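Going down the list, the protein sequences come from chains A and B. Residues in the first sequence are numbered consecutively from 1, following this note's numbering. Residues in the second sequence are numbered consecutively from 1, following this note's numbering.
Just so you know, these hints were derived from the structure itself, not from any lab. Just to be clear, a hint being listed does not mean it is correct.
Claimed, not checked - The calculated lysine-lysine pairs, modelled on DSBU-like cross-linking and capped at a C-alpha distance of 30 Å, are:
hint	chain 1	residue 1	chain 2	residue 2
1	A	Lys129	A	Lys171
2	B	Lys13	B	Lys23
3	A	Lys197	B	Lys172
4	A	Lys94	A	Lys212
5	A	Lys94	A	Lys206
6	B	Lys23	A	Lys197
Since this is a predicted model, take the numbers as computed values, not measurements.
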Amino acid sequence: MFLKWLIMRSWSLKSPCIEILQILVEIPLIKIHSSVVSVAPSFSVQAFRLEGMHTFLYRLNAVLSFALLALAAICIAASMTDMIHKSNPSVDIKVLKFDGLREIYGNDEARVALNISADLSSIFSWNTKQLFVFVAAEYTTPKNSWNQISLWDSIITAKEDAVFQALEYNKYAFIDQGKNFRGLSFNLTMYWHVMPKTTMMYIGSKSFTGFKFPDNYF
Amino acid sequence: MAGVASRVSAYIKETMGSIRSIKLRHIMNQIITLGIIMSSAFIIWKCLIHYTGSESPVVVVLSESMEPGFQRGDILVLHMGSAPVRAGEIVVYNVDGRDIPIVHRVIQVHQDRDSGEVAILTKGDNNEYDDRGLYAEDQMWLDREHIMGRSVGFLPYFGWATILMTERPFLKFILLGVLALLVIISD
């Protein structure tokens, strides 16, 4: 009987608080009603009971809801600490040279060498899983009020890797929607998309202005 | 003799009546409880759709194309918003002729001056090339209509339950069976 009780208990032992409360209530009752009944059998009856307030379902439900509530609270707390987290990233982007400007299928395409250096280590907080860093060229044309072309990107998963310098040609095709590149001025913006371990994501950025395409195809 | 028979039949009728009333009340109670659970779930879902402006406010990541940022089984929370889509955002989009929506990052945006319409190009962080290969034939850009939502936050691992239940249907039946059993044996 006791073994059965133990098995049942270990199976349904989800909310010790309720169990302890129940024991506290049960023991005096046993003492009052019968002096011969030992403690263990009364528990076994208790464990097999399937109706009433203290069924397995009720306990499971209580434990699961409490666990979800606690998890939600922790997630919100993590987001809150991210909001008050202060950072001062330093970024520098330079255009080293243009290595081609041509027309391709009715659109302009440029090839450009960039010098990107940054220290983004202060952005990392305890809830940061990774930074997705990318540099986008941004410009306006007579047809489009806004153009954004990602030229280079990198995934940074550790704070130690957040200080970097990259001397690279554009990783992705630098192609306009139309033929507007010649002599056009554009901005280069570094964006860092902060991907958390949980909850809110956010984007930070720093812009650099005053870049200009060559005046002719070459 | 007749008196005994009538007394027995009255007793049976009474017992049956009490059993029936208990059962009926019990069944009705359970139906109402089930109805409340289902309708509140439906209400929460519809409210989420309304507030986020996205037809599916919560999606589960299925592929590895956004690793290590998003892993298989992560849950994404979407929000549509009225602001135009910008590079760097992670959007969920539908392609004509494809059943399953895709979660990828926006890498190019061209916004038309007159119409305000955006042309969007996406790419998975973990993929070598942009998504033109995934789009419909001869499709160069995504429009606003293709975008189902823009991700604002995520919860890790919680989507595994959904993945397991869609890919292993027998698990769904086991779960439903256990739940039904618990409902029957509990009061």
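Evaluation of the provided hints:
1. This hinted pair checks out: Lys129/A and Lys171/A have alpha carbons roughly 24 Å apart, not beyond 30 Å.
2. Among the hinted pairs, Lys13/B with Lys23/B is consistent with the structure: their alpha-carbon atoms are about 15 Å apart, no more than 30 Å.
3. Of the pairs offered as hints, the one joining Lys197/A and Lys172/B holds, with about 29 Å between alpha carbons and a cut-off of 30 Å not exceeded.
4. A C-alpha spacing of about 12 Å is found between Lys94/A and Lys212/A, which places the hinted pair at or below 30 Å, so the restraint holds.
5. Between Lys94/A and Lys206/A the alpha-carbon distance is near 13 Å, which keeps this suggested pair within the 30 Å criterion.
6. Taking the CA atoms of Lys23/B and Lys197/A, the gap is near 50 Å; set against the 30 Å cutoff, the hint is violated.
Violation of the numbered hints given earlier is confined to hint 6; every other hint is satisfied by the structure.
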